[in-house]
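Residue numbers (this note's numbering), protein chains in the order written: chain A, 1 to 296; chain B, 1001 to 1554.
Errors might be hidden in some of the hints.
What the hints assert, rightly or not - List of simulated lysine-lysine pairs, BS3-like, C-alpha gap at most 30 angstroms:
{"#": "1", "chain 1": "A", "residue 1": "K79", "chain 2": "B", "residue 2": "K1239"}
{"#": "2", "chain 1": "A", "residue 1": "K79", "chain 2": "B", "residue 2": "K1243"}
{"#": "3", "chain 1": "A", "residue 1": "K79", "chain 2": "B", "residue 2": "K1227"}
I should point out that these hints are in silico values taken from the structure, not numbers from a laboratory.
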Amino acid sequence: MVFLGGQVLPGNVGRAILGPFADQGAVDTLNHTLGVDRPLLTQYWSWISNFVQGDMGTSYIYRSPVAPLVVDALGNSVKLAFVAFVLVIPIGILGGAVAALNLNRPLDRIITLGGLSMTVLPEFVTGIILILIFGVWLRWLPISAAWPHDAGFFRQLYHLILPSMPLFLVLFGYVGRMARSGMIEALDSDYTRTAVLKGLPWRTVIWRHVLRNALLPTITVIATQTGYLIGGLVVIETLFRYQGVGSLIFTAARGKDFPILVSGTLVVGIVYAVATLAADFLYSMLNPRISLGNEQ
Amino acid sequence: MNKNYRILDLIRRNRSPHQNHLIDGLVDGRVSRRDFIRHGSLLGVSLPLLSRISAVAGFGGLPSLARAQGTPGATIRVACGAPTATIDPMTTTDNSGFMLLQQAGEYLCVVGPDLVLQPVLAESWNSNDIGTVWTFKLRKGVKFHSGGEMKADDVVSSIDRLADPASSSNALSVFKGILQKGATRKVDDYTVEFHLDAPNGNFPYMMSSDNYNAIIIPASYKGDYEKSFDGTGPFRIEKYTAKVGASFVRNENYWGLKALPQRTEFTFFNDEQSQILALQGGQVDMMLFVSPLAGIGLLNDPNFNIISAKTSGHNQFHMRCDSDPFKDPRVRRAIALCLDRDKLVAGLLKGRASLGNDSPFAPIFPSTDASVPQRKQDIALAKQLMEAAGAGNGFKVTLTTERYLEIPEYAQLIQNWVKEISIDLDLSLLDQGSYYGDGTFGKSNWLDSVVGITDYAHRGVPNVLLGAPLKSDGTWNAAHFKNKDYDALVSSYIAALDLEAQKATAGKIQNLLLEETPVIFGYFTDLLVPTAKGVTGVQPTPMGQLFLDKASKA
């Protein structure tokens, strides 16, 4: 579908590379060299038959194999998603839990309203504001997420802090809200009342009974965001000049670089599937009533 | 000031008839000192000799081109857009791409400030009397980064590769009808002749940085330029990472004065705003260029310097001459008369542009006839013309254009101005890919739209701009303008070697285009290069290349 969809985009590959003012003969020669003047089915067959053998083809724009480009970009996306998750999961769950434990009090209102307000602000708005504050005025953090080629772990982390902050702001509202409603439901349940009445310490009630059950819907939310964090961060990656899968696919779509476009999209699809599967496993681990393969 | 005719006569002895005619023009006052320098450089007269002639003709010499006294050893960090495709001397076409080409590679000559041609890998050049054969003498002792000496074989293979019609060369559109494959011939190891298809008085510009693909690379080059960035320039490649950036280090074996910076770093960004933020955040020292609208915060900030250069870059507002409602030239003229060009330059371009007069002859070209009256806003006359053309009640038409730099805002301004003559312009703003389409008639919004706005980059001479967008057989003729008189005048202009003949023909072309107005040229933009305070010695070309060999940081 992506392959066919790409064909309806205006312009052609040779023209995209050589520009609008290039001689038509030069454009035709380049298209022939790249093989994009062949019938569509031939191109598709050539691509799919190579792909199933592990060959993602050669990029039209960069004239280099696609696989290393996609793998590098995927690695970068995973790093950014990881930092964003490390920030948002504990803080989001903690925020939700604190809000639930202070239900309808000012702290609950602040966390809920603050989280929702941040969620509705687009990343490019919060991103620009954060860049202006931390990158331009205070000069504490680099505005570019791309680190020098010889950067170690901490240097890379330093470059990822600023781009992960708008992601944190967007996701905090989702995660916090789910954790809060899960907590409220769990706190209101019979088993919590039983645990309290049988004399368990409050901390144990929260940790063993409330939080464990309250996290189930939160895990679903987190799992659905994994695909977005790895393949859908075009705006953040563009703003912070980060070489992730999102910007790779976006650049490929603009330049009609089908080998990258199709392979990148496929990889993002696989990431979505794996994240959903991982969420199912985690769900079954946390809730023994749900057992994979058990229809009872 | 006094003229020293004895020395002038001595100088004349070894000059060609065209060079002597130019000297006569300077002495008689028909040619200004500025035009003398620019056109003299085109005819192959060296800058020191031009300076000497100017001095003995009583106009004073050129300022000394002394080496900048900056601190050596700096790392200059530049923000630029990500190249749109692989860096390849044959196919590269975007600003960042050809700027990177020029960091390691060099041209036979470069276009300096004021469009003066300066020799680089060629020491001198001259033509036969009719401008069909141009001979370039090459500099001796120039070494490629890969080790071999640059000789005529390298020049022949570099240029032949670009002129090969069976290749995907981006320079084919420049060489078409001028230079064919095989027409670049080695005379000896240090002399090359170019045998042109037709006389051409501006040919050296095609061997200069103006034709950005024309860097000289070894004859043994087999492709995959990103791996080697082989060239003869003052910097050699250190590392290139597609989509991320590039770094270069000083070439210690450079044939000329060694570069001041030890290292240069180029960081690729996907948009202009991110580059501006990086400069403001101190993470880069300069940008490749900035547009006046996006860079307004930098233009008035004392923490930054703006290097400014006049260019012939512009946006063409074309109107289809072969179909209604623009068939009648009076309607086209009426629209052109609605534009308030002074406000356009002062407001939209923040004063960083020159007025356009509806022809490609920008004020920077020495051949532009400045005596042709400047078109100004005149709504009353525009209304009269519309009435006379039977279009007094106005009409509705769609303006198709691209989302690029200030073009959408330019389109909105025109939309408002033409309301005065009852024209209702609907705006259709497309991304660049959709606008240009396949770039051929029948498959391109650019070439098929009834009315549109298209961006054109700087050119050192108006030849290409006079041909492809306006000649009857022009491949970029979006206005579908067909006029035999115009075609003949352009052929005559291109063939002329003599500045005064060029200027006379230019005047006729300018007047003809004012009468016909197939395209509105509202303004010619300045190139703006922002640098952090303390960065000195940066030398951009009007085309957008960046010479950093004399750059330093405080």
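Quick rundown of the hints versus the structure:
1. A:K79 / B:K1239: 24 angstroms, holds
2. A:K79 / B:K1243: 18 angstroms, holds
3. A:K79 / B:K1227: With Cα atoms ~28 angstroms apart, K79 of chain A and K1227 of chain B stay inside 30 angstroms; holds.
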